[in-house]
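A.B. asks: Given the structure of chain A, go ahead and fit chain B onto it with the hints provided.
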Amino acid sequence: MMGKIRTPYLLLLPGFLFLFTFFILPIVNLAQTSTQTPIAGGDTGQYEQTLRFQNYIDAFIENREQFGRSFVYALIATVLALMISYPLAYAIAFKSGKYKNFLLVLVVAPFFTSFLLRTVAWKQILGEEGFVVPTLRSIGIISESTTLTSTAFAVVMGMTYNFLPFMTLPLYASIDRIDPRTLEASGDLYANAFTTFRKVTLPLSMPGVVAGTLLTFIPAAGDYVNAAILGSPNTKMIGNVIESRYFKIVDYPTAAALSFTLMAAILILVTLYIRKAGTEELV
Amino acid sequence: MSKKSVDATIPTIPLTARFQRWFGRNLIRVYMVLAFTYLFIPVAYTFAFSFNDSGKSNLIWKGFTLDNWKNPCGAPEVCTALANSIKIGLLATIFSTILGTMIAFAIGRHKFKGRSTSNLLIFLPMATPEIVLGASLLSLFLVFKINPGFWPTVIAHVMFCISFVVVTVKARIASLDPRLEQAAMDLYANEFQTFRRVTLPLVAPGIAGAALLAFSLSFDDFIITNFNSGTVTTFPKFVYTAAARGIPAQANVIGSGMFFLALAIVIAGQFVNRRKAR
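Heads up: the sequence lines are chains A and B, in that order.
Anchor point for the first sequence: position 214 equals 214 in the numbering used here, and the numbering is continuous, going up by one each time.
Anchor point for the second sequence: position 51 equals 51 in the numbering used here, and the numbering is continuous, going up by one each time.
No lab work stands behind these hints, which were simulated from the structure alone.
Values in this document were obtained by computation on a predicted structure and should not be read as measured data.
Every residue gets a Cβ at the ideal spot worked out from N, C-alpha and C, and that includes glycine.
No incorrect hints appear here.
The calculated lysine to aspartate or glutamate pairs, modelled on DMTMM-like cross-linking and capped at a C-alpha distance of 25 Å, are:
| hint | chain 1 | residue 1 | chain 2 | residue 2 |
| --- | --- | --- | --- | --- |
| 1 | A | Lys4 | B | Glu181 |
| 2 | A | Lys248 | A | Glu62 |
| 3 | B | Lys237 | B | Asp67 |
| 4 | A | Lys100 | A | Glu184 |
| 5 | B | Lys145 | A | Asp251 |
| 6 | A | Lys98 | A | Asp176 |
| 7 | B | Lys62 | A | Glu129 |
| 8 | B | Lys111 | B | Glu181 |
| 9 | B | Lys276 | A | Asp176 |
| 10 | B | Lys276 | B | Asp177 |
| 11 | A | Lys95 | A | Glu184 |
| 12 | A | Lys4 | B | Asp177 |
| 13 | A | Lys248 | A | Glu65 |
| 14 | B | Lys111 | B | Asp186 |
| 15 | A | Lys95 | A | Asp179 |
| 16 | A | Lys276 | A | Asp176 |
| 17 | A | Lys100 | A | Asp179 |
| 18 | A | Lys4 | B | Asp186 |
| 19 | A | Lys248 | B | Glu77 |
| 20 | B | Lys62 | B | Glu77 |
| 21 | B | Lys276 | B | Glu181 |
| 22 | A | Lys199 | A | Asp188 |
| 23 | B | Lys145 | A | Glu48 |
| 24 | B | Lys237 | A | Asp251 |
| 25 | A | Lys248 | A | Asp43 |
| 26 | A | Lys95 | A | Asp188 |
| 27 | B | Lys70 | B | Asp53 |
| 28 | B | Lys237 | B | Asp53 |
| 29 | B | Lys145 | A | Asp43 |
| 30 | A | Lys199 | A | Asp176 |
| 31 | A | Lys248 | A | Glu48 |
| 32 | A | Lys199 | A | Glu184 |
| 33 | B | Lys62 | A | Glu128 |
| 34 | A | Lys4 | B | Glu191 |
| 35 | A | Lys95 | A | Asp176 |
| 36 | B | Lys111 | B | Asp177 |
Pulled a few chain A residues facing chain B out of the computed Cβ check, cut under 7 Å:
| hint | residue |
| --- | --- |
| 37 | Phe18 |
| 38 | Phe23 |
| 39 | Pro26 |
| 40 | Asn101 |
Isolated chain A (complex conformation) (with noise of 0.2 Å):
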């Protein structure tokens, strides 16, 4: 029987070996990184092992701006998707009878097309030779001198836009679970429409809710595409911070000193947020 006990876990040899080399590996080194103080004298770019916790700090009190924006951002354009996703998965879901796998293919279709592709489109529909910004003009809803894209607005809605399927698709998964007859039943205990949303939908298609925002929020907070597509120098995001740190500047520590300050700054909101929500299915 010694055989039966060991299958699971030369099953997970190889997967956590590589995981462990490529995953946790580098999380420890970017930790040790993160306390790291330049060589004197050296290079640019070359820095000696030390134990300067306050790169942490300094980091923070540089950026905190970007900081707060990514967090803002990002729950804007998590609540906004799931307020355009939470009726079209309901839609799809009840409403949709033989259409049905039909309309899913269509909301993970745009998917297909780059996402780098979709978000310079964006840019370009609203940019000043799209047909958005002279339309919007010419009917007065903004001015002569308003732009849309170098702007928060386009930031938070490219986030929006390309960050929709994740909340949409497990809306859809736990919407579509719900009996029928619940609703069914909510009506029969005179319980007009919006009763039923608020004490039967919506509570049974909590694990949908959760698994949305967290695949949204999560993605978004660390974003830098579409705030240096669509945003400008005053939309900048911790993502751009950091990708700068690392590229332009080749300050590694304080790259690493941001990037474990996010990662930790999410897996806090998260673990609320799920102990707050309820639900340990994703776990």
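C.D. replies: Then chain B, alone, in the frame of chain A:
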């Protein structure tokens, strides 16, 4: 009821009220049309501008042409980037599907000490922002004096794809009816035969789905790739770099081509499933 009789019986309902009633009844349909329009605007834009006779920068509509579709490799580097993306995607898909499927079977089929820790280890890479994954892996490569490039990118992609493969395959394993395997055992199939003739074919669609997911995640990845690929250009990297000075219409051709190809694969997959169900 014909329109005329409606008018005859309730002639006092004004147009706006009638519109409100129609709107109320069709609210969900109106909403779905709007939502899907929003989803497809950039796709339609990308597709339309793949026919633009644009020259170097594809910003303004200058006239219709089929040249870009006839010669998708016409712009410099665009096909090198595409080839790199496909190579990296295929390698990452093969390795992550094998490793992830093994883990999924271990977790989905066995009770063992450390199972919840294993689940946590699978969840963590998905809960970590891409930029942290990319940056930390690059730091590790730098420590070991490994230059970023093709293979570091493949390794990075395998790393972030594994978790998604595990989750997808595990879901399929969980939905299996255990009685099918019991039946095979009752019919004197040994453990290996049961696995090969019953379990594996039943899990196969899940594995295929996971492989497709892994490929599309790898193909579309920009952030992790940007950190670990050095001078190797992938398709998303090409678009990002070109975005500053205008993207050649050939990139739109490739993007649209990928869109239709993937759509065809998904629809064909559903067709096969429906046939099997019959």
